[in-house]
Amino acid sequence: MKKISCLLLVILMMGCLSQQERGIQSIDDLNGKTIAIPGKATVQDFLLQRFLKDNNITATTVIVKPPEMIQTLESGGIDAFIAWEPYPGRAVVEGGHSLLVTSQDIWPHHPCCVVAVREEFLAEDRDVVLAVLACHMRATTFILENPQEAVRIGVDFTGMSEEVISQAMQTIEYVYEPNYSGIKEYLDQLLDMEYVNPSDVGEVDTFLSKFINSQLIEEAATYSCSNLDKTIRIGYLRADLHQLALFVALDQGYFDEFGLTVELYVFSAGPEEMDAFGSQDIDMGYLGIAPATTKRLNLGIPIVILAGVNNEGSALVVS
Amino acid sequence: MRTHKVFIVLTFIAAWEVVAVLVNSRFLPSPLLVGATFWGLLSSGALLQHAAVSLARVMAGFLLAIAVGLPLGVLMGWSPKMENFSVIIEMLRPIPPLAWIPLAMLWFGIGFQSKAFIIFIGALFPILSNALLGVRETEPYLVEAGKVLGASDSQILQTIILPNSFPSILEGLRIGLGIAWMCLVAAELTGLKTPLGLGYLIMEARDLGRADTVMAGMIAIGVIGYVMNIALKWMENRLVRWKP
Amino acid sequence: MITLDHVDKTIGELPVLEAVSLRVRKGQFVCLVGPSGCGKTTLLKCIAGLRTYQGEIRIDERLSQGVNPMIGYVFQEFSLFPFLTVGGNMEFGLKIQKVPRKERNDIVRSLIDLFLLQGFETAYPHELSGGMQKKVAIARALATDPEILLMDEPFVSLDAQTRNMLQKELLRIWQKTHKTILFVTHNVDEAVFLADKVMVLTRRPATIKSEFPIDLERERDRTSSEFVSVRKEILRELEEEYVEQVDKGYKGI
Ligand SMILES: Nc1ncnc2c1ncn2[C@@H]1O[C@H](COP(=O)(O)OP(=O)(O)O)[C@@H](O)[C@H]1O
Ligand SMILES: [Mg+2]
Numbered sequence: 001m002k003k004i005s006c007l008l009l010v011i012l013m014m015g016c017l018s019q020q021e022r023g024i025q026s027i028d029d030l031n032g033k034t035i036a037i038p039g040k041a042t043v044q045d046f047l048l049q050r051f052l053k054d055n056n057i058t059a060t061t062v063i064v065k066p067p068e069m070i071q072t073l074e075s076g077g078i079d080a081f082i083a084w085e086p087y088p089g090r091a092v093v094e095g096g097h098s099l100l101v102t103s104q105d106i107w108p109h110h111p112c113c114v115v116a117v118r119e120e121f122l123a124e125d126r127d128v129v130l131a132v133l134a135c136h137m138r139a140t141t142f143i144l145e146n147p148q149e150a151v152r153i154g155v156d157f158t159g160m161s162e163e164v165i166s167q168a169m170q171t172i173e174y175v176y177e178p179n180y181s182g183i184k185e186y187l188d189q190l191l192d193m194e195y196v197n198p199s200d201v202g203e204v205d206t207f208l209s210k211f212i213n214s215q216l217i218e219e220a221a222t223y224s225c226s227n228l229d230k231t232i233r234i235g236y237l238r239a240d241l242h243q244l245a246l247f248v249a250l251d252q253g254y255f256d257e258f259g260l261t262v263e264l265y266v267f268s269a270g271p272e273e274m275d276a277f278g279s280q281d282i283d284m285g286y287l288g289i290a291p292a293t294t295k296r297l298n299l300g301i302p303i304v305i306l307a308g309v310n311n312e313g314s315a316l317v318v319s
Numbered sequence: 001m002r003t004h005k006v007f008i009v010l011t012f013i014a015a016w017e018v019v020a021v022l023v024n025s026r027f028l029p030s031p032l033l034v035g036a037t038f039w040g041l042l043s044s045g046a047l048l049q050h051a052a053v054s055l056a057r058v059m060a061g062f063l064l065a066i067a068v069g070l071p072l073g074v075l076m077g078w079s080p081k082m083e084n085f086s087v088i089i090e091m092l093r094p095i096p097p098l099a100w101i102p103l104a105m106l107w108f109g110i111g112f113q114s115k116a117f118i119i120f121i122g123a124l125f126p127i128l129s130n131a132l133l134g135v136r137e138t139e140p141y142l143v144e145a146g147k148v149l150g151a152s153d154s155q156i157l158q159t160i161i162l163p164n165s166f167p168s169i170l171e172g173l174r175i176g177l178g179i180a181w182m183c184l185v186a187a188e189l190t191g192l193k194t195p196l197g198l199g200y201l202i203m204e205a206r207d208l209g210r211a212d213t214v215m216a217g218m219i220a221i222g223v224i225g226y227v228m229n230i231a232l233k234w235m236e237n238r239l240v241r242w243k244p
Numbered sequence: 001m002i003t004l005d006h007v008d009k010t011i012g013e014l015p016v017l018e019a020v021s022l023r024v025r026k027g028q029f030v031c032l033v034g035p036s037g038c039g040k041t042t043l044l045k046c047i048a049g050l051r052t053y054q055g056e057i058r059i060d061e062r063l064s065q066g067v068n069p070m071i072g073y074v075f076q077e078f079s080l081f082p083f084l085t086v087g088g089n090m091e092f093g094l095k096i097q098k099v100p101r102k103e104r105n106d107i108v109r110s111l112i113d114l115f116l117l118q119g120f121e122t123a124y125p126h127e128l129s130g131g132m133q134k135k136v137a138i139a140r141a142l143a144t145d146p147e148i149l150l151m152d153e154p155f156v157s158l159d160a161q162t163r164n165m166l167q168k169e170l171l172r173i174w175q176k177t178h179k180t181i182l183f184v185t186h187n188v189d190e191a192v193f194l195a196d197k198v199m200v201l202t203r204r205p206a207t208i209k210s211e212f213p214i215d216l217e218r219e220r221d222r223t224s225s226e227f228v229s230v231r232k233e234i235l236r237e238l239e240e241e242y243v244e245q246v247d248k249g250y251k252g253i
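Residue numbers (my numbering), protein chains in the order written: chain A, 1 to 319; chain B, 1 to 244; chain C, 1 to 253.
There's no promise every hint is true.
Negatives, chain B to chain C, calculated, CB over 12 Å [stated by the list, open to error]: (1) 22; (2) 45; (3) 93; (4) 106; (5) 155; (6) 222; (7) 228.
Listed next, the stretches of chain A that the computed footprint assigns to chain B, with coverage defined by at least 3 CB atoms under 8 Å from CB atoms of chain B [to be verified]: (8) 31 to 40; (9) 59 to 66.
These are calculated hints, taken from the structure and not from any lab test.
If you're wondering where the values come from, they're calculated on a predicted model, not measured in any experiment.
Just so you know, even glycine gets a beta-carbon here, dropped at the ideal spot from N, CA and C.
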C-alpha cells in the first residue's frame with residue numbers, strides 16, 4: 001500500500017513538472033515545443049509541417065479541437081496552436097495572445113477550404129449541385145462586396161464578437177474558383193509527407209483532372225432555376241469563418257430561390273467530414289483540401305472538388 | 001478446449017478475409033493487410049511505445065481509483081452513517097466517465113493528469129460499489145460469530161469483513177480495470193499532450209484515413225485488455241481458493 | 001451458572017420475550033424447546049450479550065454486560081468463516097486472545113482429535129459436509145475454553161442419522177469437558193435425549209411455560225417407556241402452543 005501511494009505521488013509530480021510555461025518570442029523558440037493542430041492531415045497540419053520544415057524546426061504536434069485550443073494554450077498544456085479563423089483572431093482580441101506567423105507568411109495565397117461533392121450525387125443530381133455552386137458564387141461575391149454585412153453574418157454563425165470576426169476576416173481571401181495548381185502543390189507535399197501513397201495517386205495530373213472539376217463552377221455562373229424542390233445535405237466545420245459563404249447563402253435566402261432545402265451537418269475537423277462522405281451521410285461539403293485529398297486517396301472515398309472557398313486564413317498562435 | 005478456441009479464432013479470421021475480399025473496399029481492410037500493418041507497427045517499436053504510454057495512464061488512474069474507492073467503499077459499507085453518502089455516489093455513478101472529458105481538460109489540461117482523471121472516474125465506481133456491497137453483504141451471523149469470540153469492531157473489520165468481501169472487491173477491481181482501459185482509449189481520442197497512446201494511434205489513423213492502422217490499434221487494445229483480464233482472473237483463482 | 005430474572009425484549013413494537021426467568025446450574029445440560037418464531041434465538045443472543053434487553057441476566061453471580069469470554073456460542077446458521085480453514089476457524093478466538101502460536105496449534109490439534117476431524121485441518125468449510133461443519137462450529141466455540149456453551153438448534157438442518165450421531169458425540173464431549181450447556185431446539189426427542197432438564201417456552205412473546213427434569217440414565221434409550229412418556233408429556237405442552245397459535249390465526253415463520 002505504501003509503495004502504491006509513493007508511485008502515485010511520483011506520477012503526479014512528473015505530470016506537474018512537465019507543465020511549466022515558457023514564452024515564445026521568435027520562430028526559433030518553437031524548437032522542442034508542443035503545437036496543437038485541429039487534426040492529422042488537416043490544412044493546418046499541412047501548413048505547420050511545411051512551416052517547420054522550411055525553418056528547420058522540430059516540434060511535437062498534438063491534436064486539440066479548435067474550440068478547446070485557446071483554453072489549452074492558457075492552461076499551459078500546449079505552447080502554440082495553429083487553427084482556422086476566427087480562433088486566431090479570438091486569441092488575439094480576447095486573450096491578448098499573438099500571431100507568430102499567419103498562413104500567408106507560410107505560403108502566400110495558399111488554397112484552403114473547398115466545396116466537394118459525392119461523385120454519385122453529382123451524377124444523379126447535377127442540377128442541385130449547380131444550384132449550390134451558384135449560391136456559393138453569389139455568396140462569395142456578396143462577402144467581397146458587403147464586408148460589413150458579412151461580418152454580421154459571421155458573428156451569427158460563429159457566436160463570436162464583431163471585433164474578433166472583423167479582425168479574423170482580414171486574413172481570409174474568399175474565392176470560388178478551384179485552384180488547380182495550388183491543389184497540386186498540396187498533393188506533392190502530401191506524397192512527400194507520406195500521408196498518401198504514390199500507388200494510389202498514379203499519374204498526378206490524371207488523378208487531379210478527375211479529382212477536380214472546374215467546369216461546373218463556370219456552368220453554375222449562368223445557371224438558373226426556381227423550383228428544384230430538393231433537399232441537399234451539406235457538411236461544414238464548426239465555427240470555421242472560411243466557410244462563411246455557406247452561411248451568407250443561407251442568410252440571404254439564395255438556396256430558397258432555387259427551391260432548395262438545406263440540411264446542415266457540422267463537424268469538428270475535415271477528416272471527420274470525409275467519413276460522413278464515405279458513409280453517404282452528406283452530399284456536399286465545405287472542408288479543407290488536405291483532408292479531402294488524403295482520405296479521397298487512402299480510403300477511396302469518391303468525391304470531386306468543384307469550387308474553392310478561401311485562400312489563407314489560418315495562423316499560428318503563441319501566448 | 002484450447003484447440004477449440006484457436007479453431008474459433010481462425011474461423012473468425014477466415015470469415016473476415018472472405019468478407020473483405022467480397023466487399024473489396026478500403027473501408028474493410030483484410031486481416032492479411034491488418035496483420036502486416038500490425039507487424040510493421042510492432043517491429044518498428046511504435047506499437048510498444050503507444051501501448052506503454054497507454055498502460056502508464058491506465059495504471060495511474062486505476063491505482064488512484066483503488067486508493068480512493070476501496071477505503072471509501074469499505075467505510076460506506078461498514079458504517080451506517082457513511083452509507084448516507086452513497087446518495088452522492090448513486091448520483092455520480094450513472095454519468096458516463098467520458099462526459100467528464102471537457103471538465104477534465106478544463107481542470108487538468110491535455111496532459112497526463114486529465115487522462116488519469118478520466119480513468120480514475122471510470123474505475124472508481126465499480127471498485128467502490130463492489131467494496132461497499134461486499135462489506136454490506138457480509139452475513140450478520142459471521143459478524144456476530146466474531147463478536148462472541150471476543151473480536152473488537154476493528155478486528156471484525158480486518159479479520160472477517162475484509163477477507164469475506166475479498167472476492168467481491170477483486171471482482172470490482174477486474175471490472176474497474178476493464179472500464180479504465182475502455183475510458184483510456186476514448187480519453188486519448190481527444191486532446192493529448194504527448195502524441196502517444198493506442199487511442200491516439202487510432203485517432204491519427206482515422207484522420208489519415210488508414211483503416212488498417214485503426215484496426216491494428218484496436219487489436220492491440222483488445223489483446224492487452226484480454227491479457228489483463230486473464231491475469232486478474234488467474235490472481236483471483238490463486239487468492240480465493242476458499243470459494244466454492 | 002446462568003441466571004435470568006424477568007428478562008423482557010421487544011423488537012420494534014413486537015414483544016418477543018416476556019418475563020423469562022430461568023437458571024442453568026454449573027455443568028448442567030438444559031434444553032429449551034419452543035415453537036418456531038417464539039423467541040428462542042433472541043433469548044440465546046440476549047444471554048450471549050449480542051442483544052439488549054430489560055431485566056437481569058447473571059453469568060455466575062455477575063451481572064452480564066456485553067459479550068463474555070466465558071460464553072461460547074453455536075449459531076443456528078452455518079456460520080463458519082468461509083475464508084478460513086478448519087484449523088483457522090478453530091483458532092479464531094485464540095488469535096483474538098493473542099494466545100501464542102504454539103499453544104494455539106496444540107489446542108487445535110486436541111480439538112481435531114476430540115471431534116474426530118483428523119485430516120480436515122486445512123480444508124475449507126465448503127469442502128465439508130453439513131455435519132462436519134457443525135462439529136467445527138462447536139469446536140470453534142470450545143477452543144477458548146468457555147465455561148458455558150449456548151447452542152441454537154445446531155443440528156436442525158442435518159439428516160436424522162447425522163443428527164443422532166452428533167447428539168451422541170455432543171454428550172461425549174460434554175461429559176469430558178463438564179461445560180454448562182443451554183441448548184435450543186424445537187425437536188422434543190432431541191431435548192429429551194440430551195438434557196438434564198427441558199424447559200418449554202410459550203409461543204411469542206416467549207416465557208417459560210413448564211420445566212421437566214429428565215432423570216434418565218445416559219445413554220438414553222429412545223424406545224424406553226420412560227423416555228416415550230416424558231416425551232409425550234412435553235409434546236402435549238408444546239402442542240397447546242401451536243393450537244393456540246392456529247386459533248389466533250398465527251402464521252408461523
Ligand atoms: N431483527 C429483527 N427484526 C424484527 N423482528 C425480529 C428480529 N429478530 C427476530 N425477530 C422476530 O422475533 C421473533 C422471534 O425470533 P427468533 O428469536 O429468531 O425465533 P426462534 O429462534 O424461536 O425461531 C420472530 O417473530 C421474528 O420475526
Ligand atoms: Mg431461531
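Hint-by-hint comparison with the structure:
no.: 1; hint: 22; verdict: 53 Å, holds
no.: 2; hint: 45; verdict: 45 Å, holds
no.: 3; hint: 93; verdict: 28 Å, holds
no.: 4; hint: 106; verdict: 45 Å, holds
no.: 5; hint: 155; verdict: 6 Å, violated
no.: 6; hint: 222; verdict: 34 Å, holds
no.: 7; hint: 228; verdict: 25 Å, holds
no.: 8; hint: 31 to 40; verdict: holds (count 4)
no.: 9; hint: 59 to 66; verdict: holds (count 6)
Going down the numbered hints, you'll see the structure goes against just number 5.
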